[in-house]
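Q: One letter stands for each residue in the lines below.
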Amino acid sequence: MLDTATSEDDTNLLVTIVDTNPLAWQQSATAKIPLSLDDAIRQILIFFNAHMALKHDNKVAAIASHIGHCKFLYPVTDAETHRRQANQYKISKDANAYPNFKDVNDDIIESLRSLMLDTDTPQKNLNDGTSMISGALSMALCYINRIMNQDDLGRIKPRILVLSVSPDSPYQYISIMNAVFSAQKMSIPIDVCKVYGGEVAFLQQASHITGGVYLDVENPQALLQYLLFSFLPERYARNYLCLPNKEQVDFRAACFCHKRIIDIGYVCSVCLSIFCSWSPVCSTCRTKFAFRALPPLAGKGRPAISRTASPAPSAAASPGSSSPMSTT
Amino acid sequence: MWEPDEQLVLRANTKYKKKDGTLFATSRRVAWQQSGSRQLHPAVPYGDIQVQMQSPATDKNVKLKIVTNPPDPKSFVFMFESSRALAEREAIKAFVSESMARARQLAGDKSATPASVATLTNDSPVSSVASTPAPSTPTTTLTPSNGATPAALSPNLNVSRQEEITNRRQLLSTNKELHTLHSELVINGKNVTEEEFWESPYVQKIRQQMKKDAASKEGQQKGKSSKMVELRPGQQEGSDVKYTLTSQIIHDIFAQYPSVKRAYDANVPDKLSEHNFWRRFLASEFFHRTRTGNRSTNAVADDVFDKCLREEDAENLNAPSLAEYNHFKKTIDLSATAEDHNESGNAPDFTMRPGSKNLPLIRRFNRHAMRVLEVPTRRDAADDKEDDVTSEIIISDLMDEQPFSRTVLDIQDTRRYFESQSRSQDQHPLANGNASSILSSFSEQFSHFEPDLTKQLMTPRAAVNVTGSLTEIIKHKNINQSMDPDLKLPAQVQQKMIDYHSTTNEILRHFWSSFVPYKAEKNRRMVDSLKRQKDKMSEVLITANSFKANLDAVKHALSPVIKAVDTALKSAEKRPPPRK
Ligand SMILES: [Zn+2]
Ligand SMILES: [Zn+2]
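Heads up: the protein sequence lines correspond to chains H and F, in order.
Just so you know, we're using this note's numbering here: the first sequence kicks off at 1 and counts up by one.
Just so you know, we're using this note's numbering here: the second sequence kicks off at 1 and counts up by one.
Among these hints, one or two may not hold up.
Claimed, not checked - Here are the simulated PhoX-like pairs of lysine-lysine, each with C-alpha atoms no more than 25 Å apart in a straight line: (1) H:102 - F:455; (2) F:190 - H:288; (3) F:455 - F:190.
What the hints assert, rightly or not - Here are some chain H residues the structure puts well away from chain F; computed CB gaps all over 12 Å: (4) 38; (5) 67; (6) 147; (7) 225.
Claimed, not checked - Residues of chain H placed beyond 12 Å of chain F at every Cβ, according to the derived structure: (8) 43; (9) 81; (10) 242; (11) 244; (12) 246; (13) 273; (14) 286.
Note that these hints are calculated values from the structure, not bench results.
It should be emphasised that the depicted structure is a prediction, and the values quoted were computed from it without experimental measurement.
We put the CB at the ideal spot given by N, CA and C, even for glycine.
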């Protein structure tokens, strides 16, 4: 699909959501192929510099998706900038550094410091320890919206990159999906780089829906290589490049009762909960189904549950009944 | 000629003896009319039909043969010409066999039970011209096999049965998918019986949907035709002119000329026979004048219709009394403003003042127009008061829609609801007893965070490996993408695949529905059908091959359904053999 809204002269705004969840990074640092947060930050900073080096007016923004809350790492508010200048926070001067890069790097490093220093906020919002990805996505979209409204020429072409290390947070499903659909409406691609941890279905769907790139990192130590290879090309270049991307998105459903991925199941006609076996009351929304009981498929001749769609005997199609559904 | 009271049920463009014409199935007989002719020849009453036969469904020519009873058996072959030939033939055939059965029952022929209708099907090919040696398919009858008849026989069973059969026939002729399934499963494959076919939940679902569609169509009421009655001489034989009065025309005459209706009610059948009444009507001056608008010179005086004429004239001469109108629309009542605005240029309206020459004619037209506009009493007449002007002004379509009363979705535990959609298996992978110590160690670690970007980040080897694996992903993606266009199959192959797929699926549904609870006879039949269906896969491949389609793609597309067949067959095998 050709992104016709883009051109060579675009200014590319890269809004990166960095998952800074200490609990997840703690696990990543002790994994088989370890990658600690500070190592990751070094590689990410180089990636930002590469992005800015690509074109003189390329822009970058970074948002930390922390435990229970999220925060802008870069750019910081004017008040914050004044505070930092007053406090002479400046990190060591480096004569060899390109000032534009150094400003961004220093701001992000300083923001990270203050983010980590605050241990109270994450503890209060600990919940199940997952990161505030939905909040970060909303922040990114709001920021993009503001920047684009200021851009009279319409030259700024934004995209979002999520560097994720923590698992899906079911609490945030609705807000994540709302953000994803907003991004889709604004035609902002959401790229996802899964640095550590298993598959994340929500983010996978996010990149699929918005036409972004989803990538599982196999060797986190070479994170920069993945970033430069797959996530550096801007939207215009993507019209001509073939980027590595997950070919198949797993849309298969898992039953709500055992979280087992199933091919055939029963769907509640009211709340769309999926169950692997029939029950007279939906355990999610308490709807009682009025339909004639179907003899259970148990017994000697029970067909093995196959991975392909084998037809199941269907329940009576009376209103409010749960009907068999097959997913592929 | 049509017989009185004969109702036309079905018609189809057909050829008979190489001449173009129309085949009619009426309430009484099958009849064929050559284009341009009024003769119905041949015409066979249902009681006289011995058997009907058809050409095989695979045959290019769609034919229906009708053989009459001995001692003097004649046979007539009709060739169906339209684009929907097959569906039309099925419809006519089904209707004829049903009517045959009814005719026999009326004749008191006890042997002609519905079951014996089924035996009337004949295996000989309908036409010797047919070059394909394939055995012809016997005519289907929509009568139930005895085994499938529901146990509860109600007295009005025959009526509902009749209705059901008519419905089914109509469904088959309107829904292509049903028709394909029916001919594949019931007629050609004999996989399932007629009753089993209609009992399948899938078929019932289609049916329900179609019913809904039809209901929404029927929701729109058709108004009356605005045509005025027009009586044209039908046939001229010498000096005699023949008129054909169908019941519809008679109805229209009554509607347009209430005086004729009054005369009819007063005279028929006590003083005049119906036949005589209409003969006198056609000869009367009344009829002559309504047809030509002039007075007849040679019309004979007729007391009945001259009275009609006088009544009609009187009615047209006088303005209709306002009391006649039960409901005046205030918004279009011209009389209310007739005298207004004279000074601004509106001339007073004299059209309807007495004395105008054209008045009777205008009145006649007006009355006709009123009849056309007459709407059957509205169902919701109770809630709008007749004189209420607002009710005439307010257009309900322009009003705000009432919001639906919705039931609030009450989810007990949203977490559990969405948890199943995330892929993580354990509940709280990050929940960790020493979260606070981790947080403070990170706080400690980052208080002096100063990353050195000049330090080596990764080994060159790792970078090369990553580049290699990413390139591999891209390669794989490219190969898969380039395969996509090949999946575009020729329309014929695609149709064949769709038919194969839906037929197989329907058999599978029958299989599983007879598996639990186990119905041995049907289930065994379905196993046989499934095995046959598997063999038929090669037919699809041959078709695909003849169109030079990508065979792998076809196989791949059909693999899920084949797998499902295998699963079913395996389950059937695992079932312990029935105890004897
Ligand atoms: Zn389950
Ligand atoms: Zn429910």
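Q: Does each hint fit the structure? Answer for all of them.
A: Against the structure, the hints come out as follows:
{"no.": "1", "hint": "H:102 - F:455", "in the structure": "holds, 16 Å"}
{"no.": "2", "hint": "F:190 - H:288", "in the structure": "violated, 40 Å"}
{"no.": "3", "hint": "F:455 - F:190", "in the structure": "violated, 78 Å"}
{"no.": "4", "hint": "38", "in the structure": "violated, 6 Å"}
{"no.": "5", "hint": "67", "in the structure": "violated, 8 Å"}
{"no.": "6", "hint": "147", "in the structure": "holds, 27 Å"}
{"no.": "7", "hint": "225", "in the structure": "violated, 4 Å"}
{"no.": "8", "hint": "43", "in the structure": "violated, 6 Å"}
{"no.": "9", "hint": "81", "in the structure": "holds, 19 Å"}
{"no.": "10", "hint": "242", "in the structure": "violated, 5 Å"}
{"no.": "11", "hint": "244", "in the structure": "violated, 4 Å"}
{"no.": "12", "hint": "246", "in the structure": "violated, 9 Å"}
{"no.": "13", "hint": "273", "in the structure": "violated, 7 Å"}
{"no.": "14", "hint": "286", "in the structure": "violated, 7 Å"}
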